[in-house]
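Residue numbers (my numbering), protein chains in the order written: chain A, 1 to 260; chain B, 1 to 260; chain C, 1 to 260.
Do not rely on the hints blindly, as some may be mistaken.
Since the list can't tell identical chains apart, any single copy or any two copies may satisfy a pair.
Unchecked claim - Think about it this way: if two alpha-carbon atoms lie no more than 25 Å apart in a straight line, the pair counts; the simulated PhoX-like pairs of lysine-lysine are:
hint : residue 1 : residue 2
1    : Lys88     : Lys251
2    : Lys225    : Lys134
3    : Lys88     : Lys98
4    : Lys197    : Lys225
5    : Lys215    : Lys62
6    : Lys197    : Lys215
7    : Lys62     : Lys212
8    : Lys225    : Lys185
9    : Lys6      : Lys62
10   : Lys215    : Lys98
11   : Lys257    : Lys6
None of these hints come from the bench; they were simulated from the model. Note that the coordinates shown come from a computational prediction; the quantities given were computed from them, not determined experimentally.
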Amino acid sequence: MRFQKKYTVSESAIIGHNVRIGQNAIIHDHVEIGDNSIICENCIIGEPTFDSYYDENYENPKTIIGSESLIRSGTIIYADSIFGDCFKTGNLVSIREKSIFGQNCIVGSMSDIQGHVIFGDYCRLNSHVQISAKCTFGNFVFIYPFVIFTNDPIPPSNYLIGSKVGNFSQIAAGSVVLPGITIGKHSIVGANSLLNKNVGDFELYAGNPAVKVCKVNYIWDNENKQPHYPWPYNFERGLPWEGVNFDEWLKSEAGQKYAG
Amino acid sequence: MRFQKKYTVSESAIIGHNVRIGQNAIIHDHVEIGDNSIICENCIIGEPTFDSYYDENYENPKTIIGSESLIRSGTIIYADSIFGDCFKTGNLVSIREKSIFGQNCIVGSMSDIQGHVIFGDYCRLNSHVQISAKCTFGNFVFIYPFVIFTNDPIPPSNYLIGSKVGNFSQIAAGSVVLPGITIGKHSIVGANSLLNKNVGDFELYAGNPAVKVCKVNYIWDNENKQPHYPWPYNFERGLPWEGVNFDEWLKSEAGQKYAG
Amino acid sequence: MRFQKKYTVSESAIIGHNVRIGQNAIIHDHVEIGDNSIICENCIIGEPTFDSYYDENYENPKTIIGSESLIRSGTIIYADSIFGDCFKTGNLVSIREKSIFGQNCIVGSMSDIQGHVIFGDYCRLNSHVQISAKCTFGNFVFIYPFVIFTNDPIPPSNYLIGSKVGNFSQIAAGSVVLPGITIGKHSIVGANSLLNKNVGDFELYAGNPAVKVCKVNYIWDNENKQPHYPWPYNFERGLPWEGVNFDEWLKSEAGQKYAG
Chain A
1 MRFQKKYTVS ESAIIGHNVR IGQNAIIHDH VEIGDNSIIC ENCIIGEPTF
51 DSYYDENYEN PKTIIGSESL IRSGTIIYAD SIFGDCFKTG NLVSIREKSI
101 FGQNCIVGSM SDIQGHVIFG DYCRLNSHVQ ISAKCTFGNF VFIYPFVIFT
151 NDPIPPSNYL IGSKVGNFSQ IAAGSVVLPG ITIGKHSIVG ANSLLNKNVG
201 DFELYAGNPA VKVCKVNYIW DNENKQPHYP WPYNFERGLP WEGVNFDEWL
251 KSEAGQKYAG
Chain B
1 MRFQKKYTVS ESAIIGHNVR IGQNAIIHDH VEIGDNSIIC ENCIIGEPTF
51 DSYYDENYEN PKTIIGSESL IRSGTIIYAD SIFGDCFKTG NLVSIREKSI
101 FGQNCIVGSM SDIQGHVIFG DYCRLNSHVQ ISAKCTFGNF VFIYPFVIFT
151 NDPIPPSNYL IGSKVGNFSQ IAAGSVVLPG ITIGKHSIVG ANSLLNKNVG
201 DFELYAGNPA VKVCKVNYIW DNENKQPHYP WPYNFERGLP WEGVNFDEWL
251 KSEAGQKYAG
Chain C
1 MRFQKKYTVS ESAIIGHNVR IGQNAIIHDH VEIGDNSIIC ENCIIGEPTF
51 DSYYDENYEN PKTIIGSESL IRSGTIIYAD SIFGDCFKTG NLVSIREKSI
101 FGQNCIVGSM SDIQGHVIFG DYCRLNSHVQ ISAKCTFGNF VFIYPFVIFT
151 NDPIPPSNYL IGSKVGNFSQ IAAGSVVLPG ITIGKHSIVG ANSLLNKNVG
201 DFELYAGNPA VKVCKVNYIW DNENKQPHYP WPYNFERGLP WEGVNFDEWL
251 KSEAGQKYAG
């Protein structure tokens, strides 16, 4: 009984081929949704930004959602953001304006993206993640539940400084990243850490406050009796090197853009 | 003005006697709701699972909600789950497929149950709790706000290992439980802990990382000048031993199933 | 295309001049909304309290939302609460009954206000904040994401004790405040702290468990080469001393009520 056309779509929205839209969903002005995407029940796409409330001449900016996307129920996406193809959300997500996501990203349930952020391709955020404005993320960055990226070093202040995370890094559950931190590539922040210093490439930091524990290749996979990290050699589900060797994929045309 | 029949119910749903359904609520295919239950505004019950998006022959699995249940506004419950009688949720909860809850359980606002989990009877989850797949819980387990049960020891990996919590145990606010932990019965994990080791019966663990602090009967109730734990001797509101001695109730027919 | 009158308003609600109401929003009995306020899509205002489910003679208590307020999409506000003028929420907020907020307060996305709480004027809560019953807050208290104010010292118990926070204090991201704590004025709790002791005026506490670090005027603003705290001397955006000297404002008629 799903997708019964009990939703509302602005006349100025551009809806691709074979898009399905759930009940009570609202598609606001100047939203563009790519082919084969699914917008589930109760979602609000292209929610007008703050200016809309008080500016009579407000015109809703474009909101672009790539093809093959899946926006789960109750999610609210503000106008003026761009999402690459195959974007997925959990339920009840909030994404504010000027958020840019590459291809194949996932944002988990109840996560709160505060806008003015940039994510590369294949980033995966678990549930209840909060990303403050001005943070930037490379590709294949995975962020686990209840992680907070803050941006105000002396709150309240006017010096908002985002953090920056390199390709393939992993931020484990419950960690708080203080403002203006740089995390290198293939690194790990352990669960429930308070990260108040920069992390180099291939490093594990953990604790409150976090300290450098070791290089990531010291983390052992007890099952396979070998190091687990760098993880792309040992995990491929849903990733572009699935069924191929990671090193070979990196050298391929598709992989070269992520090699940095 | 509540319960005005401005909702949508699938023809294949089975709705019990005296069930009330709030405005904008959606009851999907093959949902069964027991007598006297209440589904509040904007709820989605029996949300079709991932396969539904791409499988043309998808048939929504059964979702069973016991009688006398109360599902508060904005909650999303996926198909293929079973909830015992007197199930209650807060607002804006998300519960994924293959979740099994016994009788008289409560899941607080904005909690995220990731599916493939088992809860016994009388479990109470406060707000913003996250339970990963493969976790199992006994009876009378109370979980306080912002607790995270993780399941991937070396993320990202394919070895998801749930944790297991025994009867009557309490997990205090803000704690992170690492994958594959066993917590015994009548135990306590203190607030904001990072639990990376197993907890025996009647033990208090706390800290980041958590360490064993003492046996739970060392925790003093300053008001009553006596130990507070095991707590069932000192707290009975809404619990089956209310008005009866806890030991006597345990020996009764009703209590024997929880004595283990 | 916004504000198309596809919402539901009780006949007993009192809606001020120039109020805009979003699609699918529900305004329950005895809600009063002040002039020029905005209720966005999918909001539920004046949600009937627990008694409504089982008491046939239930009459919904008043819910008062001040003028110039902005309630963002998906927010649920229970009946029997009072919000001063210029109240703002993020998306998907839940506020339970008997919550009192002064003027110009903000509650961020996915925050969970458990009711029976009092906030003064100009309090700002970021996203994913949880406030337990019986907590009270002065004026200009800012609370950052994922902060938890708990209220049960020996859970589960019947001794719920709220905490109390003085004017101008700041509680940083990810902190857990244990029950019955008193925090003075102009103080700071650092990120990811477990606060288990009282904090005096002008003090910084941080850590798990939190310890006194220093007086707040030792916290340096690297940009301006001066102490940042007490912060009202260095931050004024949206605050009543904007464009005026803070000390002068404190002495003015408007400021005197906050001088304590």
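Outcome of the hint check:
In this assembly of identical chains, Lys88 and Lys251 lie within 25 Å of each other by CA distance neither inside one copy nor across copies; the values are 28 Å within and 51 Å between. For the homomeric pair Lys225 and Lys134, the shortest alpha-carbon distance between copies (24 Å) is at most 25 Å, but the shortest distance inside one copy (40 Å) is not. For a Cα distance limit of 25 Å, the shortest separation of Lys88 from Lys98 qualifies both inside one copy, at 18 Å, and across copies, at 21 Å. Taking the shortest alpha-carbon separations for Lys197 and Lys225, only the inter-copy value of 21 Å comes in at or below 25 Å, while the best intra-copy value is 31 Å.
In this assembly of identical chains, Lys215 and Lys62 lie within 25 Å of each other by CA distance neither inside one copy nor across copies; the values are 44 Å within and 48 Å between. Proximity of Lys197 to Lys215 under the C-alpha cut-off of 25 Å is found in both arrangements, the shortest distances being 16 Å within a copy and 23 Å between copies. In this assembly of identical chains, the alpha carbons of Lys62 and Lys212 never lie at most 25 Å apart, being 43 Å within a copy and 49 Å across copies at closest. For the identical chains of this complex, Lys225 and Lys185 are intra-copy neighbours only, at 24 Å inside a copy versus 33 Å across copies, given an alpha-carbon limit of 25 Å.
With identical chains, the CA atoms of Lys6 and Lys62 are at most 25 Å apart both within one copy (24 Å) and between copies (24 Å). Taking the shortest alpha-carbon separations for Lys215 and Lys98, neither the intra-copy value of 35 Å nor the inter-copy value of 38 Å comes in at or below 25 Å. For the homomeric pair Lys257 and Lys6, neither the shortest alpha-carbon distance inside one copy (43 Å) nor that between copies (47 Å) is at most 25 Å.
In summary, the numbered hints that this structure violates are 1, 5, 7, 10 and 11.
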